[in-house]
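Participant: Those sequence lines, one after another, are chains D and U. Residues 1 to 309 in full-length UniProt numbering are what the first sequence spells out, letter by letter. Residues 1 to 269 in full-length UniProt numbering are what the second sequence spells out, letter by letter.
What the hints contain is simulated information worked out from the structure, not anything from laboratory work. Please read these numbers as outputs of a predicted model, since none were measured by experiment. There's no promise every hint is true.
Straight-line C-alpha distance at most 30 Å; calculated DSSO-like pairs for lysine-lysine [claimed, not checked]: (1) U/Lys-137 - U/Lys-57; (2) U/Lys-137 - D/Lys-33; (3) U/Lys-137 - U/Lys-109; (4) D/Lys-228 - U/Lys-109.
Among chain D residues calculated to face chain U with C-beta under 10 Å, some are [as the list claims (entries may be wrong)]: (5) Ala-53; (6) Ala-60; (7) Phe-67; (8) Lys-95.
Which residues of chain D face chain U? A few of them, derived with a C-beta cut under 8 Å, are [unchecked claim]: (9) Val-36; (10) Phe-46; (11) Gly-49; (12) Leu-62; (13) Ser-85; (14) Tyr-92.
Backbone N, C-alpha and C fix where the C-beta goes; we use that ideal spot for every residue, glycine too.
Take a look at the letters that make up each chain.
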Amino acid sequence: MSLSSREAYKAELTELARNDGRIICMEADLGGKNHVFQADHPDRFFNIGIAEAAGIDMAAGLAEAGFVPFFSTFASFAALRAAESIKLAMGYMGKNIKIAAAYGGVSGGWFGTTHHCLEDIAVLQSFQHVRIACPHGEEETRRVIREAAASPEPYYIRLARNDGFRSLERPTGSSAREILYQGGKREGAQLCLISVGEQATEICARLAEENPDLLHAHLVYVDSPSLKRYAEELRTLSGTFLVVEEHRGTGGTASYLSLLLPECRVYSHDCGEEWPVYGGTHAEVLEQLGFGLPGLRRQAAAIGGHHGI
Amino acid sequence: MDALITAGDRREDLTARLPELAREARRLIIDMAAGPTGCHIGGSLSVIDLLLAVFAKFGSGPPHAVVLSKGHSAAALYAALHVHGVIAENPAETYGRSGSLFTGHPNHKLPGIPFATGSLGHGIPYAAGWALAQRLKGTGGLGIAVGGDGELQEGLVWETAQIVQAKGIANFIYIVDVNGGQNDGLLEEISPVPRLRERFEAFGFHVRELDGHDYGEILHAVEPPPDRPLAVLARTVKGKGVRAIEGNPDAHYAKIPEKTAEKWKRSLS
Numbered sequence: 001m002s003l004s005s006r007e008a009y010k011a012e013l014t015e016l017a018r019n020d021g022r023i024i025c026m027e028a029d030l031g032g033k034n035h036v037f038q039a040d041h042p043d044r045f046f047n048i049g050i051a052e053a054a055g056i057d058m059a060a061g062l063a064e065a066g067f068v069p070f071f072s073t074f075a076s077f078a079a080l081r082a083a084e085s086i087k088l089a090m091g092y093m094g095k096n097i098k099i100a101a102a103y104g105g106v107s108g109g110w111f112g113t114t115h116h117c118l119e120d121i122a123v124l125q126s127f128q129h130v131r132i133a134c135p136h137g138e139e140e141t142r143r144v145i146r147e148a149a150a151s152p153e154p155y156y157i158r159l160a161r162n163d164g165f166r167s168l169e170r171p172t173g174s175s176a177r178e179i180l181y182q183g184g185k186r187e188g189a190q191l192c193l194i195s196v197g198e199q200a201t202e203i204c205a206r207l208a209e210e211n212p213d214l215l216h217a218h219l220v221y222v223d224s225p226s227l228k229r230y231a232e233e234l235r236t237l238s239g240t241f242l243v244v245e246e247h248r249g250t251g252g253t254a255s256y257l258s259l260l261l262p263e264c265r266v267y268s269h270d271c272g273e274e275w276p277v278y279g280g281t282h283a284e285v286l287e288q289l290g291f292g293l294p295g296l297r298r299q300a301a302a303i304g305g306h307h308g309i
Numbered sequence: 001m002d003a004l005i006t007a008g009d010r011r012e013d014l015t016a017r018l019p020e021l022a023r024e025a026r027r028l029i030i031d032m033a034a035g036p037t038g039c040h041i042g043g044s045l046s047v048i049d050l051l052l053a054v055f056a057k058f059g060s061g062p063p064h065a066v067v068l069s070k071g072h073s074a075a076a077l078y079a080a081l082h083v084h085g086v087i088a089e090n091p092a093e094t095y096g097r098s099g100s101l102f103t104g105h106p107n108h109k110l111p112g113i114p115f116a117t118g119s120l121g122h123g124i125p126y127a128a129g130w131a132l133a134q135r136l137k138g139t140g141g142l143g144i145a146v147g148g149d150g151e152l153q154e155g156l157v158w159e160t161a162q163i164v165q166a167k168g169i170a171n172f173i174y175i176v177d178v179n180g181g182q183n184d185g186l187l188e189e190i191s192p193v194p195r196l197r198e199r200f201e202a203f204g205f206h207v208r209e210l211d212g213h214d215y216g217e218i219l220h221a222v223e224p225p226p227d228r229p230l231a232v233l234a235r236t237v238k239g240k241g242v243r244a245i246e247g248n249p250d251a252h253y254a255k256i257p258e259k260t261a262e263k264w265k266r267s268l269s
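Isolated chain U (complex conformation) (with noise of 0.2 Å):
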């Protein structure tokens, strides 16, 4: 498949496209999880609304830095960049398998990857200090850090929340994808993470909740305040585009047969 999107097309654009990349980036998805290895596909079909929308608003490179910190969800970031033109080869041919630099967790050595998450709660303090950084270089660049609500459970996010409102770090954006679930269940029948609005805000932070599948929703929120770091609580569906496992804890990771592939990709609303 040909990159859907070129350095010339302008953001506006973009964001109208929304909906065609999403269908692309699910098939991609579902592809990777009819590979030899399947893929973390529950929590990658509730996240890549989320990270399409903000690739289109704010690009995938400097002065800007998005992070996937829920780093499980790898194929909706390969997916991402991939129809967003940044990663020329299509991920689902090679995903998993020797040789490739796609593997399970994202990989730094890829484009539009600044650093190789998955072990949980990192990824955000790194988005913490490349805004640190853009705000000492004055270049108005954002940290942006995509995470999920399971990786509330890490000490790291809340050290990281910490020392963002110690340091007054306003160009921090913190997007979860709260989706429910984590690797064996629920979050809620697990170790819950309640009144995270009030959490947030006790920090420091400007809060936004909002339908994390509804483009215009998350291109408005994602606004960041001039004063406050913003977090975004994204309310999402795991498995979200894929009616046989929408809502399923146990579609955290899957590897499905080449005919399900199909019969997945045909029913993309």
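Bound-form chain D, shown alone (with noise of 0.2 Å):
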């Protein structure tokens, strides 16, 4: 049993710390009681209460003063409330702070609109300068979080609520930066569907062994650059793509990669333009927004001709 990329943050974390006395953990009240990381190193764990704009100014100083803090909420509160405080410290300034974002999407499910955010994407990769990762599962969200943890760069790290999912198989040894491909072969390929996110993922993988000869590339990192740099390689693939993200099209991966790839095909599968305004689990709200495996066969089928249903 995996456990859920916000569990496995945590435990991850709280291992790093053992040998990395630079690692702080802050919370904004909604790490949970009893968190790992607390039992392990309370001097440098803080729950500074439901305070977001401040904790991650708060973050910049101790990240200036050589500290390395992982700051965790819910995306909502990260990427929209604390927008400025991220744009400044981190965006412009470089502060290296780490933001572990829970509840990325919809994956609150029942919680409602306050608790969804299909818009952090779009808000983060406009500030440039912040890394932006979209792991899945707990193997690839652990791997991210180490990454994160040797970098000097500032992290913004989507994870979601409850759902554990085993990562994709990856060699050894190589990171999370790599593209991860499944199926299909390499060059040449009629469609090739791109995965950001644990549900994206999921589905495509589902789509990429229905159809061996579909290819399926797994990206984590969402960020300006990372994309300019997979776009060189992405373009020599194929001259069509699929990009399947739970956010917004409006200002999400696929938007950007159809900047950098004028000359391709670029297709969203996303969460479209509703509000998700009706309560269920995670599956259920990405059903009512129209996302999801059925409706991304049909739209690969309408796209790339034999390689869909």
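Both chains are given apart, each in its own frame, so use the hints to dock them into the complex.
Facilitator: Below you can see the structure in the form of structure tokens.
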């Protein structure tokens, strides 16, 4: 049984902190009681209360003094409520702060509109100098946390809520910054699926299994510099891409890749424009928004001819 | 102008020379107001004595951090850092101009400026985070934020006061330049911030009130108590030092003719 990404984050950070005294864990009262980091490193754990913007600015002071603060709250409160602090401290001044944003997308399910965040990638991508990582499953999340801790760059790590997934197999020692491929031949693919995030990767992997000649490229990092690098590689593989991401189409990864790949056809399977106003599980809310395997099958078939259904 | 202070100068000597440093800093601020862009002269002249005294007492680098949170008074910060020898260039020569790092709000690319402020409220939590870091490292360093009374309208200030209290961050000093003005007029007429002493005491701060232009009082007041964060409520006069604009809320931002600048500089006591 795999840990959910937000539990994997806590577990991995706690382990890393045993050998790295610079790591600080900050929570805005949404990390839950009995936090494993607090139990192991009480002197470096700070639940600062419900004060997201101040928390990011405080993390900037800690980072300037040589610490590596990881700040965690829900994606909506990080990317939107604390957006100005992130822009200033991380985007412009490059302070070494890592944000672990749980409840990304609509993983809050029945928690409702206020707890969903389908806009965070757009906001964070526009800050330019913040690494944005959307890992899939426990192992990939752990890998990203390790990479973030070792990097001097500011990070925004989008996590989900309670679903636990097994990450796609990745070569030993490789970085999550490398594109991970599944199925199909690598060059000359008629259609290349691109997955970003947990739910997207799950349905892309399913579709790729159904269609062995369909190429699936899984991206973890979706910040501007990473996507620029990926675009060079992707354009050698195919001229048609279908980006699958639990996000608005506007400002999502597909929209940025379409700018980077003007000679290609770039499509998006996303959460559309509707507000997620109904209750239900994570999967049910996604279904209400038209995001999921049935819709992806139809879209892939329409775009890629025989590669779909 | 050569820097008035060199690295070899002793702190005690600096405090004795504060009136001289303040006159030179005010000249620089007036020169910036006479430049092509003008500057936030009113709040710069009200806060300059506080900045100079804090730099004289604590210096401008680790283990302490001094952050000007009311960043629109950047002219005062640049002037203070220049007369203290931290910034070599004369900021008035290029302030606001194309290619100059002396932007209208503090530029973190300049020495002595750890955080770009000006969007109000952010310097205060930054200083609190720095203070927390010094506590964890055991350096004895302080996080010192110099803010404004208009800035107290920002929620970030009170988020930070809440956290400082909750986490027992005692090595934190928050100095408020209480000049009574803000961009569009008087605080009292726009959105007053009443009962400040009681507010900060309620958040667990030790509070000291003083004349923000009296160096003796400032130097004495910024001595941190051992067990609590310190809030210094410094009563100041907007435009202090220039009779023509003292206390005038309309002097928040000004661009003045060169002739006026010369007259004002001559009139500095």
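Participant: Hints broken by the structure, by number, lowest first?
Facilitator: 9
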